[in-house]
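S.K.: Here is what each chain is made of, one letter per residue.
Protein chains: 2
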Amino acid sequence: MWRLYQFPLCPFSRKVRLLLSEKGVGYELWRENPWDASDEFWALNPAGRTPVLHDPEKKTTLCDSRAICEYFEETVDQSPMINGTVKERAEIRRLVALFDENFFTDVTGPLLQERMKKRIVLRQPPDSRRLREAMKMAHGHLDYIDYLIDTRPWLAGSRMSLADLTAAAQISVADYLGGIDWSGHEQSKGWYSVFKSRPSFRPLLSERMEVITPPAHYSQVDG
Amino acid sequence: MWRLYQFPLCPFSRKVRLLLSEKGVGYELWRENPWDASDEFWALNPAGRTPVLHDPEKKTTLCDSRAICEYFEETVDQSPMINGTVKERAEIRRLVALFDENFFTDVTGPLLQERMKKRIVLRQPPDSRRLREAMKMAHGHLDYIDYLIDTRPWLAGSRMSLADLTAAAQISVADYLGGIDWSGHEQSKGWYSVFKSRPSFRPLLSERMEVITPPAHYSQVDG
Ligand SMILES: N[C@@H](CCC(=O)N[C@@H](CS)C(=O)NCC(=O)O)C(=O)O
Ligand SMILES: N[C@@H](CCC(=O)N[C@@H](CS)C(=O)NCC(=O)O)C(=O)O
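So the sequences go chain by chain: A and B. All residue numbers for the first sequence refer to the numbering used here, where the first residue is 142 and numbers rise by one. All residue numbers for the second sequence refer to the numbering used here, where the first residue is 142 and numbers rise by one.
Just so you know, not all the hints are guaranteed correct.
Any copy, or any two copies together, can satisfy a pair, since identical chains are not distinguished.
[Stated by the list, open to error] Below, in silico cross-link-like pairs of lysine-lysine (PhoX-like), each with a Cα-Cα straight-line distance of 25 Å or less:
(1) 200 to 228
(2) 200 to 259
(3) 228 to 164
(4) 277 to 330
(5) 259 to 337
(6) 199 to 228
(7) 259 to 164
The set of hints was computed from the structure by calculation and includes no laboratory data.
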């Protein structure tokens, strides 16, 4: 059985969980905090990052969320998530990078630092200037999602794809940490609430990470 | 004809150039500095990053170096670079992420900031503490390459792959900026010098970026 090394607020692990669930691949959760990683974990992933997917019986280890998603896209036919023409596939991968890198650097990363790491690891107060900056950047990214959803039912085109899973994974962590103000983003909100009601998403929304509590709307499907 | 938006020291653009050259795909270079990007460039890539590959006639735009490489892997049979079993392909992609993300964050990114951006954009002196830290991190990454090359002819296994192109692209920029001390890294040095003599690599090594000059060994094949 696959074992997923992760922690509840890791957006890259959430993307992998959404993909595995959409594709009907079973796995068990294995808690690992990268800031406090075990030697066993470093041996599995020399980059020291979550997610890692490991099958002890098959002696298979997969690292990096994009490499993991490509692996399951190549091995499991159900619910293709990097699908279509070569141009469409390039568009999916462009958006995956945009959310994994730009959205993470601008929004999710700073929120995790200020509201998770400072609270439960560093025991410092958050930097309110950095939080305001991250929330401002979130508006810019939601504007871009509004724009995409104005012309396409899903982020990368006519079908749900890894771009949607990636964006939803990042946004869900930012939303948990109180970083998303949905007002003025009707298209993004509509797209995200369809997502929130999917069976793949429900387990993520019901999890909590230690003392950190999300805002009331976080796990409400119509929130 | 493909037009590659890039600047000479962008490691992600170098990876794409190596791949296109190995695959025999023609393109023209188009200079773009992301810190000073034109509106035309932002319209092509809402992430505002190089590399972007654009074909004005075909009206095709590809963004993000990994998405670009996957596109050419899917469309051009010559010199497969993400090849082998699904496990081997996952290993290639793991290493691509390791060099694009960890090596870049630890080494190439800080060197570009201190030795390129501060020199030609910000007109500030480099922070010598950050430079020392980046060079120390480079040693750690070269240790890992030494370890891989001890057991495999190429980074991801028995064949040259996108992992090698990615690592070589990052290392070449770090080396240009004086951040690589090769002493004590015989395996890495051997692997890299084989690479440096490839026809795909030669044009990169002869280019210079403005007033920034590389160390003498940088473009010597036996250096
Ligand atoms: N490219 C990686 C990024 C993973 C990543 O950055 N994970 C974070 C947790 S959300 C981590 O482990 N950070 C610890 C570190 O970078 O040292 C992926 O897509 O899997
Ligand atoms: N994931 C991207 C990263 C590209 C990237 O970070 N490019 C740098 C230049 S080396 C850039 O454009 N930085 C400007 C910015 O991030 O605003 C890729 O692989 O293409």
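S.K.: Compare the structure with each hint and give your call.
M.R.: Results of checking the hints against the structure:
no., hint, in the structure
1, 200 to 228, "between (35 Å within a copy, 11 Å between copies)"
2, 200 to 259, "neither (36 Å within a copy, 46 Å between copies)"
3, 228 to 164, "both (23 Å within a copy, 18 Å between copies)"
4, 277 to 330, "within (17 Å within a copy, 45 Å between copies)"
5, 259 to 337, "neither (28 Å within a copy, 44 Å between copies)"
6, 199 to 228, "between (35 Å within a copy, 11 Å between copies)"
7, 259 to 164, "neither (35 Å within a copy, 47 Å between copies)"
When the structure is compared with the earlier hints, violations turn up for hints 2, 5, 7 and for no others.
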